[in-house]
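Chains U and E are the protein sequences, given in the same order. Here this note's numbering runs 163 ahead of the position in the first sequence, where the first position is 1. Here this note's numbering runs 163 ahead of the position in the second sequence, where the first position is 1.
Here's a subset of chain E near chain U, in silico, CB distances under 7 Å, partners left out: (1) A347; (2) P364; (3) V367; (4) F371; (5) E374.
Keep in mind that the hints were calculated from the coordinates and are not lab data. For each residue, glycine too, the CB sits at the ideal point set by N, CA and C.
Number of protein chains: 2
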Amino acid sequence: MRIEIWADVVCPWAYIGKRRLERALASWSGDPAEVVWRPYRIDPSAPAPGEPLADVLRDPMVDAALRGCAPHLTPGENRERVSRIALAEGLGPRWGAGWRASSHDAHRLIALAHEAGGPPLQDAVAEEVMRAHFVDALDISLPAVLDEVSRRAGFPAGGRLLADGAADTTVRELVLRGRAAGVATSPTFVVNGAALGGAQPPEVIHAFLAEAAGRSPRQLPEEVERLRHAEALLDLGDPLGALTLLRPLLDTHGDDRGTRLLAARAYFHSAQLNRALRILEPLAAQTPDDSYVQLLLGRTLQRQGDTGRAAAHLRLAAAMSPGYAG
Amino acid sequence: MRIEIWADVVCPWAYIGKRRLERALASWSGDPAEVVWRPYRIDPSAPAPGEPLADVLRDPMVDAALRGCAPHLTPGENRERVSRIALAEGLGPRWGAGWRASSHDAHRLIALAHEAGGPPLQDAVAEEVMRAHFVDALDISLPAVLDEVSRRAGFPAGGRLLADGAADTTVRELVLRGRAAGVATSPTFVVNGAALGGAQPPEVIHAFLAEAAGRSPRQLPEEVERLRHAEALLDLGDPLGALTLLRPLLDTHGDDRGTRLLAARAYFHSAQLNRALRILEPLAAQTPDDSYVQLLLGRTLQRQGDTGRAAAHLRLAAAMSPGYAG
Numbered sequence: 164m165r166i167e168i169w170a171d172v173v174c175p176w177a178y179i180g181k182r183r184l185e186r187a188l189a190s191w192s193g194d195p196a197e198v199v200w201r202p203y204r205i206d207p208s209a210p211a212p213g214e215p216l217a218d219v220l221r222d223p224m225v226d227a228a229l230r231g232c233a234p235h236l237t238p239g240e241n242r243e244r245v246s247r248i249a250l251a252e253g254l255g256p257r258w259g260a261g262w263r264a265s266s267h268d269a270h271r272l273i274a275l276a277h278e279a280g281g282p283p284l285q286d287a288v289a290e291e292v293m294r295a296h297f298v299d300a301l302d303i304s305l306p307a308v309l310d311e312v313s314r315r316a317g318f319p320a321g322g323r324l325l326a327d328g329a330a331d332t333t334v335r336e337l338v339l340r341g342r343a344a345g346v347a348t349s350p351t352f353v354v355n356g357a358a359l360g361g362a363q364p365p366e367v368i369h370a371f372l373a374e375a376a377g378r379s380p381r382q383l384p385e386e387v388e389r390l391r392h393a394e395a396l397l398d399l400g401d402p403l404g405a406l407t408l409l410r411p412l413l414d415t416h417g418d419d420r421g422t423r424l425l426a427a428r429a430y431f432h433s434a435q436l437n438r439a440l441r442i443l444e445p446l447a448a449q450t451p452d453d454s455y456v457q458l459l460l461g462r463t464l465q466r467q468g469d470t471g472r473a474a475a476h477l478r479l480a481a482a483m484s485p486g487y488a489g
Numbered sequence: 164m165r166i167e168i169w170a171d172v173v174c175p176w177a178y179i180g181k182r183r184l185e186r187a188l189a190s191w192s193g194d195p196a197e198v199v200w201r202p203y204r205i206d207p208s209a210p211a212p213g214e215p216l217a218d219v220l221r222d223p224m225v226d227a228a229l230r231g232c233a234p235h236l237t238p239g240e241n242r243e244r245v246s247r248i249a250l251a252e253g254l255g256p257r258w259g260a261g262w263r264a265s266s267h268d269a270h271r272l273i274a275l276a277h278e279a280g281g282p283p284l285q286d287a288v289a290e291e292v293m294r295a296h297f298v299d300a301l302d303i304s305l306p307a308v309l310d311e312v313s314r315r316a317g318f319p320a321g322g323r324l325l326a327d328g329a330a331d332t333t334v335r336e337l338v339l340r341g342r343a344a345g346v347a348t349s350p351t352f353v354v355n356g357a358a359l360g361g362a363q364p365p366e367v368i369h370a371f372l373a374e375a376a377g378r379s380p381r382q383l384p385e386e387v388e389r390l391r392h393a394e395a396l397l398d399l400g401d402p403l404g405a406l407t408l409l410r411p412l413l414d415t416h417g418d419d420r421g422t423r424l425l426a427a428r429a430y431f432h433s434a435q436l437n438r439a440l441r442i443l444e445p446l447a448a449q450t451p452d453d454s455y456v457q458l459l460l461g462r463t464l465q466r467q468g469d470t471g472r473a474a475a476h477l478r479l480a481a482a483m484s485p486g487y488a489g
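Kindly produce the complete structure, drawing on both the sequences and the hints.
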């Protein structure tokens, strides 16, 4: 059974959730569990190199930006309680991050560890990254810190791979995949398509694992899943994210109608109207009876100010589907 | 034990979650449970009267806006699966909403039912509202529909109270309270300060209840909790929401320093600079050694273009707290 942990290594609940999952698995007698770490960003604009957290928290112009780090009922109370809870989970001896730092490169290192050594090496690297951030109060956006962390975890090649730029696209795409799949808190445990948000107590994680173990994982072909995730990002108001996921499909499946239509919608919603037209005009010529294509083409021309041609397509759309009128 | 369900009545997972909680409670032998419904909005811009859902889903310009209706892993897959899952939970016989409709008045009715008849009446009203929306495919933003729903649930006075405008502020404030407390999915179960997001299976809800029952609820005085929630909204980038919650405190505790400073920050972040100044100038005069007040006053004057006076306050702030320099 594969357990994905979608989490940010700068979210204290991710580290607490790791300990709680370990406790849940200690009494787990079902299928052997394999834990895979996936990236989530709670503070995507955090800088590299980092800035001292003490300054940030004092500055009224920068908010903590620690949204999406769950469970965050009563955030004020949370800030007081989190270190007490972390110490109770055996994390420490000292507890407390020192830096507001980008976690992008740390997520790259964690992805590379999985490629190089599978789940055990990846788990060791995730552990050392979070220890460096929360216990040693180091700036985990620095290459030297990540190199040392990687060596400590038994992955001496990690630092060099990071310097080579490896796993950059991988992590950017995985972050989009998570958002598309509905991950909205760190950590979120995902098993066979079921999700549990937050660093829930071990008993709750255990009940979740027991229930999710009985589900049959629905494995879609990679292209289909990528297309669905791109569509989900569009629904979530992220057309540029959708286009990032669509890019490889446009390169390899550029003649697929569904892919082209989705790309046209994403171009339309990100105001790249010429690119939308370059897809929609041939589509409309090929399938003139598709009222949806006519509508989107009409709206695109409308936004370009070409009201004459727009009206013709909008009339066609309305004639075929009365719901599109007006 | 009090179980709060923060949910939107137009979210299918809320209705499914209600059935699953009922199943979890059927085998519950702990403290007697009391269920209280709290408002959450998955689609705050949905209109009243509603618009036919079929049109909305066909129109490329309006997205489904069904974000925050959890669990929503793979939203595409969700749309296919939700009716199958609803039918499996005994909801039906027919399943499917007909309208994209504002749920604000339905939430008002549910709040009024709690005031009038406590948890049992409220639960009956929540049930009938969701049945009307998902099974009978009625437009639950219409007064006549809500009046009929209310009568069916044994709350004949509901329609008249709605027409009187009752519980409007109550619901608006509760929605802000939920956001401040970190509720980000519908449904979210909250017990003694612990939260479980999503319509999890009965076994998971049961484990959550068992764990949460052991926690001691931390009851803060109403004013303190209100202040914390206002602060949380400010952290979440919602200064106008923060001011909505602060208003009663400013009326009654207008001389409390913490309340005034928070209001000044909220005014600053919503670009109401004159209002921020009217609070900050007397505060700075009273406590000239408070570097934070000096910083905020300096930044406010800076944004008003009064660079001369701004510089004086920013220098003071930096002299007292070197972290504020630059």
